[in-house]
Amino acid sequence: MSAKKKATVSLVLGSGGARGLAHIGVIHELQDHGYEIRSISGCSMGALIGGVFAAGKLDDFERWICAIKKMDIIKLLDISWGKDGLVKGEKIISSLIDLVGDKVIEELPIPFTAVAADVKNEKEIWINSGRLFDAIRASISLPLFFTPVKYKQVYLIDGGVLNPVPIAPTFNDNTDITIAVNLGGPPEEKDEIIEDNPPSEPKLSPLSQKIDRFVNEMRNSVKGGGEKGWGVYDVANEAFDAMQSTIARQKLAAYPPDIVIEISRSACGTLEFDRASQMIELGRRKAQDKLSQVRNHGRA
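Following our numbering, the numbering of the sequence shown begins with 78 at its first residue and continues without gaps.
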């Protein structure tokens, strides 16, 4: 008897900061269940994870990101002294190129599209050619945090501003099913995530302490503290999360994929990249639960 043919997948990876590390767990679970990912569309963190996977370097990236501690995050922040964003992002992109290689999208073994936003002209920009990390850098340009990226005479920011779950680039794919991962799922009281016990970190210099406070303030502001005491970043980040979640619901209703895997937007803060292993495990569990439901209902 011949082996069962693998179901081919168009994979759509949404935006959501550090929650996007759950995409790694989702990809692993899909592969473990025999799905063959034939194309990827992603924005923001979804573009980063999708691009790294399309380049064949997801395992290397996973080892790297799981080893990151708070101090490592601080070292990757190259502060911008301009008014258009706090971080230039050159150090982060340079580190990723060292890890993955300076790839060209057209040469990737899996078709890949990164989605960014041209807010001046109110347009999504689909980037499916050129240098991979130029496309990723444009797609991850979170407003207020990263500086915008100039691309073909326009400035681009995070694709999640206009389309946090970019399904449309997959419409012409010749695949069996479309699977979307939405990082803006409804808030939950507490996700069942295994807590890490990280080792103590080295004493920081006065400058590093200032940057460390900045990172913590940004991270904590994304979560929202309570009913009072909100600062500008609390409001901006809560508003951005709410906006993305609303747009995602509209996009998913208008263009429903075959399978939607949802990660709660309360699962972790936008900048909590030192919780990588927890988010990856969460992605695995959410994908496993959804795929079990699909099998039980006789779909895909």
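Just so you know, not all the hints are guaranteed correct.
[Unchecked claim] Distance windows between CB atoms, simulated: (1) 208 to 253: 17 to 23 Å; (2) 199 to 315: 21 to 27 Å; (3) 333 to 108: 34 to 40 Å; (4) 316 to 227: 35 to 41 Å; (5) 229 to 174: 19 to 25 Å; (6) 178 to 144: 16 to 22 Å; (7) 366 to 230: 42 to 48 Å; (8) 178 to 205: 16 to 22 Å.
Hints listed in this document are in silico derivations from the structure and should not be mistaken for laboratory results. It should be emphasised that the depicted structure is a prediction, and the values quoted were computed from it without experimental measurement. Cβ coordinates follow ideal geometry from the N, Cα and C atoms, glycine included.
Verification of the hints:
About 31 Å separates the C-beta atoms of residue 208 and residue 253, a value inconsistent with the hinted range of 17 to 23 Å. At about 23 Å, the CB distance of residue 199 to residue 315 agrees with the hint of 21 to 27 Å. Separated by about 24 Å at the C-beta atoms, residue 333 and residue 108 break the suggested range of 34 to 40 Å. Our hint of 35 to 41 Å for residue 316 and residue 227 is violated, since their Cβ atoms are close to 26 Å apart.
The supplied range of 19 to 25 Å is met by residue 229 and residue 174, whose beta-carbon atoms lie about 21 Å from each other. In this structure the hint that residue 178 and residue 144 lie 16 to 22 Å apart at CB holds, the actual value being about 19 Å. Judged by the Cβ atoms, the range 42 to 48 Å given for residue 366 and residue 230 holds: they are separated by roughly 45 Å. Between residue 178 and residue 205 the beta carbon distance is about 18 Å. The supplied range of 16 to 22 Å therefore holds.
Hints 1, 3, 4 from the list above are not met by this structure, while the remaining hints are.
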